[in-house]
Amino acid sequence: MSVGEHDPYTGQRMTGHEWNGIKELNTPVPKAVWFFLSVTALFAFVYWVLMPAWPLGVTYTKGLLGIDQREIVRESVAEAARQRSWAQRIAQDDYATIQADAGLMQKVRESGRALFGDNCAVCHGTAGKGGPGYPNLTAGAWLWGGTPEAIAETIRVGINSGHPEGRIAQMLAFGRDQMLDRAAVLNVVTYVQSLSDPTLASGPEKEAIVAGKEVYDANCASCHGPEGKGSTDVGAPDLTDGFWIYGGDRQSIFNTVYGGRQGHMPAWETRLSELDRKILTLYVLDLGGGK
Amino acid sequence: MISELTRGERRLALAVLTAVATFGLALAIAGRGDILAVHGGLIMASAVILMFFVIAGFYAPEPGEERLAQYYDTPTKAGVVLAMIWGVIGMGVGDWVAWLLVYPDMTFDAAWASFGRLRPVHTSGVIFGFGGNALIATSFHVLQRTSRARLPDQFSPWFVLVGYNLFCLIAASGYLLGITQSKEYAEPEWYADLWLVVVWVVYFSIYLRTLMRRQEPHIYVANWYYMAFILVVAILHIVNNLAVPISFGSAKSYSAFSGVQDAMTQWWYGHNAVAFFLTAGFLGMMYYYLPKRAGRPVFSYRMSILGFWGITFMYMWAGSHHLHYTALPQWVQTLGMTFSIMLIVPSWMAAANALLTLNGAWHKVRDDATLRFMMLAAVFYGLSTFEGSFMSIRAVNSLSHYTDWTVGHVHAGALGWVALITFGSIYAVVPWVWKRPAMYSNKLVEVHFWLSLAGTLVYVFAMWNSGIIQGLMWRTYNEGGTLAYSFIDSLVAMRPYYIARAIGGLLFVIGAVVGLYNVWMTIREASAERADAPDAPVVPALARSLQAGE
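Chains as they are written, first to last, in the working numbering: chain A, 1 to 291; chain B, 1001 to 1550.
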C-alpha cells in the first residue's frame, strides 16, 4: 500500500491506493487517447465553424457553409416535384387519355402501389382482394359504380364516413329488429342463395324459395332491385354475381339479414391530395376491376 | 430482517409505514371513481402488510453493538434476489412482445395485452426492476467495502430498497391498467414520480453519510460512478417529470413542457438515463467486481479519472441526437452530434481500462465464466458506444432513425453490456455475501454465459439486418420520384428477422432463469457451510480515529 510499490506482472508503479484489496497502477494515459481526443475535438471544432452550432442569445452561429436544414428540405421537395413532371399530365388529362398512355400508366402502377399499400391495403389487402367485411376491388362488383368518376368520388367522400357529401348506406337488421320473423329470414336467405345458385330451385328448397321471394319483394327489392341486381345509386350490392363482402355461405347470409350491415370507408378528401386520389382511382381500375 | 433493526428503527419503520399507508388511503379516497384508486389501494395494502411484519418482530431482541463490526449486507442480499426476479419478469415480457410483433393477433382481445401496454412493462422491468435493484444492491456492497465503513443505519437501506420496488410495482401495474404519461422510460404518473424522489433522496443520503465516515483516504472510482448515477438520475427525473395533475384525484397529469421543448427535455432525459442509469451505475459495478474477481490492480488510475469526467461532461450534451431532422433547431442537433462523437474517447477509455486490467489474468477469463461475463460486458460496452457515436452522425442517423437498427443498438448495450456486467457481478457477489466458496453450480454459470452470448448475437444481428433493410426501403424512390415501397412492404420484409430476434431473446431469458435458479440454490446451501470472508475488516464506528496522512 505504499507509493512506489511495483506490480510484478507489468512492472508498472502503483498509486499507493488500496480499497479492500483493489489497487491501481499509475499507468500514464496512452498517447492514443490524447491523439483521438484531439482528433474528435478538432472535428467538432471544424464542424462548429462550418455548420449552425452555438446559441447566441436569440440567434446562433450560422456556420460558414450557410447550411440550413429547412432550406435543404425545401430544395428536396422542389427537386422531387421536378422528378414528378409526369404528375402534371395525370392531373390535367382525362381518365381515358391516361389509361391509353402506357408510359403514364407505368407511373400510376409505380406510385399507386405505395399509395395503395399505405392507405388502402389495411382493409382491402395489398392486392386489393378485400376480405371479410371489405370489398374485393378486383372483381368488378362495384357498390357505388365502377366508372373512374364514381370511384374517385367514393375515395373522396367515403362511405358512412361522416363527410357532409358522403355516401350513406345501411342494410337493416331485419331479424334483430323484429321486422321479419325467423321463418321469413330463413326463407329469404334461401331465396338470396338461389339468385347466384340456380340449382337450388329444383332441389328440396323449392317451397322455401317461393316463400322467400315474397319476403324479398316486400322488403329487399326496394334497394337490391326486383331481380337482385343491386343498385349503385344507393350502394346496394348485386346479389346475383357470386361476389360477397360478408360471405356467401348460408350462415353468413343469415347473419347479414338477421343483424344488418353497415360498412365504413373513410373520406380521403382531407388526407390525400386530388392528384394522389386520381392516381389511386387509376390504380384501382388497373387492378382488374375496371368496367 | 426486523431483528436487525434497533428498537428505535422499528418505531421509525412503523411511523413511516403509517405515513405511507395514510398517503395511499388519501389517494384512494381522492381518486375514487378514477383508476388512481387502484394505486392508492395498492400503496396502502403494501404498507399495511409490511406493518404486520414489523409488528410481528417488534419485541424480538435488539441487535448488539457487535453488529457495528460487520458490514450490513442483508439489503444487498434482498436486492440481488429482487434483481434476478425482476430480470426474469422483464426479459420474459420483452420476449413476449417480440413474439407479439411476429404474431400481432396474440393479444386475446384484451387491452392489457396490447403491445403499447406490455412494452413499457418490459422496458421498465429490465431497466428499473432488474438494473435498478442490481445497482442498489451492489452499490451498498461496494460502498461499505471501499469505505471500510458500515452503512449509517439499518432502516434507511431498507426504506430505499422497499420503496424503490414499490415504485417499480406501481409503474408496471399502471402500464397494464393504461396509466402512462407517454414519455419513454418516464411513463409513471405524478404520484409515482413524487414517491421516487423521496426514495432517491434517502438513497443519496446513505451514500453521503457512509462516505463521510469512510476510513480510506480516497474515494474509489466505483463510488464516483455510483454517486454520479444517483445524483444525475435525480436531476433528470425531477426535470423531465415536471407536470401538473389534472386534480389530486386523478392519475392523469400534463407535462410542464410542450412541443419541441418537450421533445428536447424528454430526450435529454432519455439519453442521460442511458448515460447515468445504464452506463455510469454499471461502470461503478465493473470497476469494483472486475478487478476484484480478476485479482489484478486497475490498469490506470489516470484513465479512470479522465474517463469519468469525460463521460459525465460529454453525455449531458448528447441527447439532441435523438431529434435529428426534426423541428429541433439545427444548431442543437449539431451540438448533440459533435459531443456524441467526442464521447467515444472517454467511453473507450473506460472499456480499455477494464480490458487492460485483465492483463495477467486472461487465464482466469478462460476458466472462470463469471469473469468472462464481465470481460464480454466490457467488449460490448466498447462496441455499443462506438455504434452509438456512429449513429449520432446526422447522415447515418437519416438511415438508422426510427428503424430496428436503434432497437438492435439499444440491446447490444442492454443485453451485451448492462445485463452481462450485472450477471457477472451477481455471480461474484452472491458467494461473498452468503459466505460460500462458490456458486451452487459453476457449470450453470457457464451455461448461462453461452446462452447470453448466443442470444445477444442473434438478437443484434437480426436487428442490424432488419433495421438497415427497413431504412433503405423507406428511402428508396422510383425514377418517377415517388416512394418505391409502402410501409406494409417493409413489415413483410421484417418478419423473418422478428422471428430470429424473438428466438435470440428467448435464449437470453432462458439464461436468466438458469441464473435465478443458480442463485436460489446457492442461497439454500448457504446456511449449511460458511467460508472465510474475503473482505478486509470493517473499522467500527466506535473505534474510529483519523488515519495518518488523511
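It is worth saying that the hints were derived from the structure and are not from the lab.
Be aware that a few hints might be false.
To be verified - Taking lysine to aspartate or glutamate and the DMTMM-like style, the derived pairs with C-alpha atoms no more than 25 Å apart in a straight line are:
id	chain 1	residue 1	chain 2	residue 2
1	A	K31	B	E1525
2	A	K206	A	E227
3	B	K1364	A	E18
4	A	K23	B	D1105
5	B	K1435	A	D249
6	A	K129	B	D1489
7	A	K62	A	D93
8	B	K1364	A	D7
9	A	K129	B	D1105
10	A	K23	B	D1489
Said to hold, decoys possible - If you anchor each label on the Cβ, the simulated ranges turn out as follows:
id	chain 1	residue 1	chain 2	residue 2	range
11	B	H1218	A	F43	19 to 27 Å
12	A	A32	B	A1015	28 to 36 Å
13	B	M1212	A	G66	54 to 62 Å
To be verified - Anything over 12 Å on all C-beta distances counts as not near chain B; from chain A, calculated:
id	residue
14	W19
15	I22
16	L50
17	D93
18	A96
19	A114
20	E149
21	A183
All residues carry an ideal CB built from backbone N, CA and C; glycine is no exception.
Against the structure, the hints come out as follows:
1. Between K31 of chain A and E1525 of chain B the alpha-carbon distance is near 50 Å, which puts this suggested pair outside the 25 Å criterion.
2. Straight-line distance between C-alpha atoms of K206 of chain A and E227 of chain A comes to about 18 Å, which keeps the hinted pair within the 25 Å bound.
3. Annotation: proposed proximity of K1364 of chain B to E18 of chain A holds, straight-line Cα distance about 22 Å (limit 25 Å).
4. Restraint check for K23 of chain A and D1105 of chain B: the C-alpha separation of about 56 Å exceeds 25 Å, so the hint is violated.
5. The suggested pairing of K1435 of chain B with D249 of chain A is violated, with an alpha-carbon distance near 72 Å, which exceeds 25 Å.
6. For the hint pairing K129 of chain A with D1489 of chain B, the CA-to-CA distance comes to about 16 Å; that is within 25 Å, so the pair holds.
7. Between the alpha carbons of K62 of chain A and D93 of chain A the distance comes to roughly 46 Å, so the proposed pair goes past 25 Å and is violated.
8. Only pairs whose Cα atoms come within 25 Å are accepted, and K1364 of chain B paired with D7 of chain A is accepted, the gap being roughly 18 Å.
9. With a CA separation close to 21 Å, the supplied pair K129 of chain A and D1105 of chain B stays within the 25 Å bound.
10. For a cut-off of 25 Å, the pair hint linking K23 of chain A to D1489 of chain B is broken: about 57 Å separates their Cα positions.
11. For H1218 of chain B and F43 of chain A, the Cβ-Cβ distance of about 35 Å falls outside the hinted range of 19 to 27 Å, so the restraint is violated.
12. With their beta carbons about 57 Å apart, A32 of chain A and A1015 of chain B fall outside the hinted range of 28 to 36 Å.
13. For M1212 of chain B and G66 of chain A, the Cβ-Cβ distance of about 55 Å falls inside the hinted range of 54 to 62 Å, so the restraint holds.
14. Residue-level check failed: W19 of chain A sits 4 Å from the nearest beta carbon of chain B, not beyond 12 Å.
15. A Cβ of chain B approaches the Cβ of I22 of chain A within 12 Å, the least distance being about 5 Å, so the stated non-interface status is violated.
16. The non-interface label for L50 of chain A is inconsistent with chain B: the shortest C-beta to C-beta separation is roughly 9 Å, within 12 Å.
17. With a minimum CB-CB distance of about 16 Å to chain B, D93 of chain A clears the 12 Å threshold, and the non-interface call stands.
18. The Cβ of A96 of chain A sits about 21 Å from the closest Cβ of chain B, beyond the 12 Å cut-off, so the non-interface label holds.
19. Taking the minimum C-beta to C-beta distance to chain B, about 4 Å, the non-interface status of A114 of chain A is violated against the 12 Å cut.
20. Taking the minimum C-beta to C-beta distance to chain B, about 24 Å, the non-interface status of E149 of chain A holds against the 12 Å cut.
21. Distance to chain B confirms A183 of chain A as a non-interface residue, since its nearest Cβ pair spans about 34 Å, more than 12 Å.
The structure shown violates the earlier hints numbered 1, 4, 5, 7, 10, 11, 12, 14, 15, 16 and 19.
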